[in-house]
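Could you slot chain P onto chain C? The hints should help.
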Amino acid sequence: AQRVTQPEKLLSVFKGAPVELKCNYSYSGSPELFWYVQYSRQRLQLLLRHISRESIKGFTADLNKGETSFHLKKPFAQEEDSAMYYCALRVGGYNKLIFGAGTRLAVHP
Amino acid sequence: DGGITQSPKYLFRKEGQNVTLSCEQNLNHDAMYWYRQDPGQGLRLIYYSQIVNDFQKGDIAEGYSVSREKKESFPLTVTSAQKNPTAFYLCASSQDFNQPQHFGDGTRLSIL
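Protein chains in written order, with this note's numbering: chain C, 1 to 109; chain P, 110 to 221.
For reference, chain C alone in the conformation it holds in the complex:
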């Protein structure tokens, strides 16, 4: 079955602390994974995709096929990172995205 699991509904950290938002997937094909973010009162937007291997706003994510994971990491959290984060898996030839339930990141001063 194709599935994306984000085990934490809420992750609460203090400013300057490291952050790791967990994402695990289940897919028999070659996975393509994304992280989307939704800041308060803003629309859902793409944060990064694994094939780009880039760092956006200090966030990175590495695809680990052995552990079927795509965890999102940032070494030093900022208050402006507080948002809802969704991990998504692209499957099929028509750009279908399967989303996890999301993790709310709260960064406290």
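Please keep in mind that the hints were generated in silico from the structure rather than gathered at the bench. Any given hint might turn out to be false.
To be verified - Some chain C residues near chain P, calculated using beta-carbon distances under 8 Å: (1) 93; (2) 96; (3) 102; (4) 104.
Unchecked claim - Simulated pairs of lysine-lysine, DSS-like, Cα-Cα distance not exceeding 25 Å: (5) P:179 - C:96; (6) P:118 - P:179; (7) P:118 - P:180; (8) P:192 - P:166; (9) C:73 - C:9; (10) C:96 - C:65; (11) P:166 - C:96; (12) P:180 - C:96.
Think of the CB as a built atom: it goes at the ideal place given N, C-alpha and C, for glycine as much as any other residue.
This is chain P only, laid out in the frame that chain C set:
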């Protein structure tokens, strides 16, 4: 991404009524999508369209219908056959099936 406009932001429906949610994009994207989001769940795909005059069912198409008469428009109709229509609906578009999706602000539909 101001290129995708969904309207209205809030919509109320009486039992037995059909309602249509609007989605317009000026990004010149070929592909468009409709998702539904329920509390505590991820987005689920309702319908998608690769090009004008073509659309396909997603995972939860029952009780919904769409049209794609123009490239920039992909309206979603929630019919009376949809048993549990109360949800948040998101429209997205992408340049093609290989490019990331861009999302609108969403429409929240409630049943009176």
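Outcome of the hint check:
Residue-level restraint check for residue 93 (chain C) holds (minimum Cβ-Cβ distance to chain P is 7 Å; threshold 8 Å). Restraint check, residue 96 (chain C) versus chain P: the minimum CB separation of about 6 Å is within 8 Å; hint holds. Taking 8 Å as the C-beta contact cut-off toward chain P, the hint placing residue 102 (chain C) at the interface holds, the least distance being around 7 Å. Against a cut-off of 8 Å between C-beta atoms, the interface hint on residue 104 (chain C) is violated, since the closest Cβ of chain P lies about 11 Å away.
Under the criterion of a C-alpha separation no larger than 25 Å, the hint pairing residue 179 (chain P) with residue 96 (chain C) is consistent with the structure, at around 21 Å. Of the pairs offered as hints, the one joining residue 118 (chain P) and residue 179 (chain P) holds, with about 22 Å between alpha carbons and a cut-off of 25 Å not exceeded. For a cut-off of 25 Å, the pair hint linking residue 118 (chain P) to residue 180 (chain P) stands: about 22 Å separates their Cα positions. The straight-line distance between the Cα atoms of residue 192 (chain P) and residue 166 (chain P) is roughly 17 Å, inside the 25 Å bound, and the hint therefore holds.
Taking the CA atoms of residue 73 (chain C) and residue 9 (chain C), the gap is near 16 Å; set against the 25 Å cutoff, the hint holds. For the given pair, residue 96 (chain C) sits about 20 Å from residue 65 (chain C) by alpha-carbon distance, which is consistent with the 25 Å threshold. Restraint check: the Cα-Cα separation between residue 166 (chain P) and residue 96 (chain C) comes to about 11 Å, which is no more than 25 Å; the hinted pair holds. Only pairs whose Cα atoms come within 25 Å are accepted, and residue 180 (chain P) paired with residue 96 (chain C) is accepted, the gap being roughly 19 Å.
Checked against the numbered hints given earlier, this structure breaks only hint 4.
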